[in-house]
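Given only the sequences and the hints, what does the whole structure look like? Please build it.
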Amino acid sequence: MFLEFTKMHGLGNDFMVVDLISQRAYLDTVTIQRLADRHFGIGFDQLLIVEPPDLPNVDFKYRIFNADGSEVEQCGNGVRCFARFVHERQLTTKTKIKVQTKAGIVEPELGANGWVRVNMGYPKFLPNEIPFLADEPESLYDIELADNEKLTIDVVNMGNPHAVTIVPDVITADVARLGPQVESHERFPQRVNAGFMQIIDEKHARLRVFERGVGETLACGTGACAAAVSGMRRGLLANNVEIELAGGKLQIEWREGDVVWMTGPTANVYQGRIDLSYYQG
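Just so you know, we're using this note's numbering here: the sequence shown kicks off at 309 and counts up by one.
Simulated from the structure, these hints should not be mistaken for lab results.
Virtual Cβ for every residue (Gly too), placed ideally from N, Cα, C.
Careful: at least some of the hints might be erroneous.
[Stated by the list, open to error] Cut-off 16 Å, straight-line C-alpha distance, at most; resulting in silico cross-link-like pairs (EDC-like, lysine to aspartate or glutamate):
no. : residue 1 : residue 2
1   : K406      : E417
2   : K432      : E550
3   : K315      : D362
4   : K406      : D345
5   : K432      : E446
6   : K315      : D327
7   : K432      : D566
8   : K410      : D367
9   : K404      : E446
10  : K402      : E417
11  : K432      : E444
12  : K511      : E550
13  : K458      : E417
14  : K432      : D509
15  : K315      : E396
[What the hints assert, rightly or not] For each label pair, taking beta carbons as the anchor points, the in silico distance ranges come out as:
no. : residue 1 : residue 2 : range
16  : T401      : L453      : 46 to 56 Å
17  : Q398      : Y578      : 14 to 24 Å
18  : G351      : T400      : 23 to 33 Å
19  : D336      : L544      : 39 to 49 Å
20  : G412      : S330      : 22 to 32 Å
What follows is the structure in structure tokens.
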């Protein structure tokens with residue numbers, strides 16, 4: 309069986325995007341893991357699937373699978389690529405669409421030159437909304453890591469769970485060591501995306517994210533939203549900020565009690581067609 313796909317990226321966070329409206333395929337965990345392999349497969353951080361919606365007044369259903377085959381609730385860089393993909397594949401003529409995700413409805417709007425602005429919804433902060441195990445809500449939490457090391461974090465749900473910690477310098481931050489410990493910490497029953505943010509000034513921050521089920525990526529859209537919101541809540545960032553990641557920059561807007569807006573670029577890499585039976589178990 310042959311499967312058509314498009315390889316895309318948002319700031320280097322790369323995706324295999326598959327239209328399962330005009331074609332049919334079953335992609336199980338093992339198949340996704342094999343497709344994600346950067347040596348023997350297509351190679352990607354996430355697989356994005358376009359499906360018909362289950363809900364009324366919604367244009368598409370958007371499913372996201374990490375490279376390890378686990379399905380996740382949301383992906384900010386992915387939803388921008390998703391919006392461009394469905395428009396360029398002529399699955400819709402709309403430039404503003406409503407998309408169903410496991411986390412709820414998001415509304416991306418396609419602009420010029422592949423840029424997309426997305427209503428990412430309302431951030432959530434209560435421990436049971438993350439989910440995060442805590443006796444009571446606090447503004448910040450200390451978690452214990454290996455060798456009795458403690459890390460101060462903020463927790464934010466942007467459709468998926470994030471832990472945000474502020475570091476003096478993202479370049480020297482030990483993301484390779486700390487990221488896996490935070491991601492799989494026992495206080496996060498569904499694991500978590502670990503963000504390490506350096507505040508440059510009130511309009512500008514730098515960020516690295518160790519993503520749940522993937523590892524460190526060049527960019528993470530929901531991670532940028534979570535980090536920006538965390539900085540704004542602490543009074544460290546203005547309501548409209550630039551978040552700089554290894555793969556490029558995102559603009560994040562948020563005001564208390566409102567939705568988060570994310571604006572950033574997308575890029576097509578190539579289109580392809582594969583014999584899916586080669587990757588199936």
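Tested hints:
1. A threshold of 16 Å between alpha carbons decides the hint, and for K406 with E417 the separation of about 9 Å falls inside it, so the pair holds.
2. A threshold of 16 Å between alpha carbons decides the hint, and for K432 with E550 the separation of about 21 Å lies outside it, so the pair is violated.
3. The suggested pairing of K315 with D362 is violated, with an alpha-carbon distance near 26 Å, which exceeds 16 Å.
4. With a C-alpha separation of about 31 Å, the suggested pair K406 and D345 falls outside the 16 Å cut-off, and the hint is violated.
5. Between K432 and E446 the alpha-carbon distance is near 13 Å, which keeps this suggested pair within the 16 Å criterion.
6. Distance check on the hinted pair: K315 and D327 sit about 12 Å apart at the alpha-carbon level, within 16 Å; holds.
7. This hinted pair checks out: K432 and D566 have alpha carbons roughly 11 Å apart, not beyond 16 Å.
8. At roughly 15 Å between alpha-carbon atoms, K410 and D367 fall within 16 Å of each other, so this suggested pair holds.
9. The straight-line distance between the Cα atoms of K404 and E446 is roughly 37 Å, outside the 16 Å bound, and the hint therefore fails.
10. As the CA atoms of K402 and E417 are separated by approximately 9 Å, the hinted pair is consistent with the 16 Å bound.
11. At roughly 15 Å between alpha-carbon atoms, K432 and E444 fall within 16 Å of each other, so this suggested pair holds.
12. Between K511 and E550 the CA atoms are separated by roughly 6 Å; this keeps the pair inside 16 Å, and the hint holds.
13. Restraint check for K458 and E417: not satisfied, since their Cα atoms lie roughly 41 Å apart, outside the 16 Å limit.
14. Among the hinted pairs, K432 with D509 is inconsistent with the structure: their alpha-carbon atoms are about 25 Å apart, more than 16 Å.
15. Using a Cα cut-off of 16 Å, the hinted pair K315 and E396 holds, with the two alpha carbons roughly 13 Å apart.
16. A beta carbon spacing of about 50 Å between T401 and L453 agrees with the range 46 to 56 Å that was offered as a hint.
17. A hinted range of 14 to 24 Å for the beta carbons of Q398 and Y578 is consistent with their spacing of about 18 Å.
18. Look at G351 against T400: about 28 Å separates their beta carbons, and that is inside 23 to 33 Å.
19. A hinted range of 39 to 49 Å holds for the C-beta pair D336 and L544, which are about 44 Å apart.
20. Separated by about 26 Å at the C-beta atoms, G412 and S330 satisfy the suggested range of 22 to 32 Å.
In the structure shown, a violation is registered for the earlier hints numbered 2, 3, 4, 9, 13, 14, in ascending order.
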